[in-house]
Amino acid sequence: MAIPLLRGIWWFIKGMGVLFVRVFALLKGLRLTLAMFFSRPVTIQYPERKREVSPRWRGVHYFERNERGDTRCVACGLCVAICPSQCIRLVAVELDNGERYPEFYEINTVRCIYCGMCAEACPVDAIKLGRNYEFVDYQREALVLDKGRLLANAPEPMNQRSI
Amino acid sequence: MELIYFVTEAMAKIVVVFAVLMGVVAYLTLAERKILGRIQVRYGPNRVGPFGLFQPIADGIKAFFKEDVVPAKADKPLFVIAPMISITAAIALFAVIPFGDKVEFFGRTVYLTIANLDIGLLYVFAVASLGEYGIVLGGWSSYNKYGLMGALRAAAQMISYEVALALSVMGVLMIAGTLNLVEIVRQQAGWSWNLFYQPFAFIFYIVCALAEINRTPFDMPEAEAELACGFNIEYSSMKFALFFMAEYAHLVAVCAIATTLFLGGWDGPFNLPPALSWIWFVAKTGILVYFFIWQRGTFPRLRYDQIMRFGWKFLLPLTLANIFVTGLIIVLRGM
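Going down the list, the protein sequences come from chains A and B. In this text, residue positions in the first sequence follow the numbering used here: the first is 704, and each later residue adds one. In this text, residue positions in the second sequence follow the numbering used here: the first is 3, and each later residue adds one.
Bear in mind the hints are in silico, worked out from the structure with no lab data behind them. Note that this is a predicted model, so its numbers are computed, not measured. Worth double-checking, as some hints may not be accurate.
To be verified - As a list, the in silico DSS-like pairs of lysine-lysine whose alpha-carbon atoms are at most 30 Å apart:
(1) A:K731 to B:K36
(2) B:K36 to A:K753
(3) B:K15 to B:K104
All chains, full assembly: derive it from the sequences and hints.
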């Protein structure tokens with residue numbers, strides 16, 4: 704007679720203990736979220752503040768210039784050959800003094816996957832990937848970079864970093 | 003003449019309450035997103051206007067101009083009526099909630115409640131359960147399996163929690179001895195809030211209310227992870243906005259009822275003139291609303307069977323025990 708009663712009381716106390724532990728856990732969660740509520744957001748407000756990209760960041764391509772201020776590219780065609788998405792088009796001409804020169808050079812950045820292999824393959828470090836990642840437009844045509852735009856994309860000497 | 007006075011007074015109160023409620027609901031959506039954002043250590047909407055204050059307006063304009071899609075196989079009349087039922091029930095709850103003490107206005111006594119019903123609490127429960135039809139019918143009529151699942155869950159969950167909800171306020175009723183909400187608030191004047199006499203009932207009420215308005219630990223009818231969007235999946239445009247507004251209006255209503263029943267309504271730490279007594283009411287309701295948003299940012303969703311088990315095997319016996327103990331104490335004190 705007494706033993707079931709004792710067992711019942713023990714069961715009740717144990718249940719209350721479990722309940723207390725669980726409610727305490729809930730309150731701990733509430734405390735954490737309240738602390739987070741009063742903490743400063745870690746958001747970087749994008750258009751106003753921008754995140755520093757990695758030094759190895761591969762952004763929009765640009766051409767390095769030679770001492771004459773023209774592109775360094777010698778139109779060897781290695782970038783065209785290695786490009787996995789085949790987005791580089793190149794027409795080479797050979798000048799009278801034996802130098803090769805790209806008459807027509809175009810990177811279709813819509814197809815480009817920004818792997819950076821063109822920059823790695825380039826024997827004269829002419830094509831490089833810059834640090835600009837804000838490169839959008841409403842027309843696809845505007846995302847095709849020709850020689851002039853590649854030259855214009857070159858970063859200011861101040862921010863210039865070699866890859 | 004008396005009739006004109008009566009109609010004018012009632013209309014004025016209805017217009018004011020409705021306008022304030024719609025404003026509160028609109029800005030509650032913003033407040034919820036802001037608070038959830040801060041809890042998740044981000045800002046929340048802050049682009050439209052200063053601090054994102056025009057976000058509700060932008061949302062409203064967007065909802066208004068969206069295409070109103072009715073699925074081809076939907077049960078069209080029910081599909082259209084369902085959001086109306088939801089919003090009507092949610093707004094109608096505010097008809098009996100007392101916002102403040104009675105005030106003297108041009109020599110007439112005006113109660114700061116739209117309708118001073120003798121069966122106020124009964125009305126609240128009756129209308130609140132009507133709101134379920136909106137969700138159930140909306141999910142069922144949209145001819146979508148997610149919608150149907152959401153509606154089924156809503157039906158099961160809300161009905162089972164309605165039992166515990168009604169039982170949890172029974173203790174307050176036993177103490178007050180009246181269903182008139184104005185009378186219940188008046189009995190709590192001067193720090194004799196029902197919260198202190200019925201602390202467990204208050205906790206049960208809050209938990210059941212969360213389930214009743216489908217808030218996060220119990221948001222089964224619209225569980226995003228498994229039901230995509232639940233009962234309102236096929237709704238778009240203003241119909242969706244109506245469901246959305248109904249949800250928030252219901253949230254405010256539930257908090258307002260909790261304030262009325264447990265937190266002493268317009269009674270405050272120090273006395274304000276009767277015409278300003280609604281400030282206490284608004285403050286208490288606001289704190290409860292904040293808690294509801296806060297816990298949404300804290301607790302994960304329960305599994306469906308856990309919710310049902312919690313409701314029937316835990317809350318129901320405990321609310322019954324609460325009634326039993328309350329009755330026992332009342333009887334013993336009466337002897």
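* Which numbered hints are broken by the structure, listed smallest first? -> Of the numbered hints given earlier, the structure breaks none, since each of them holds.
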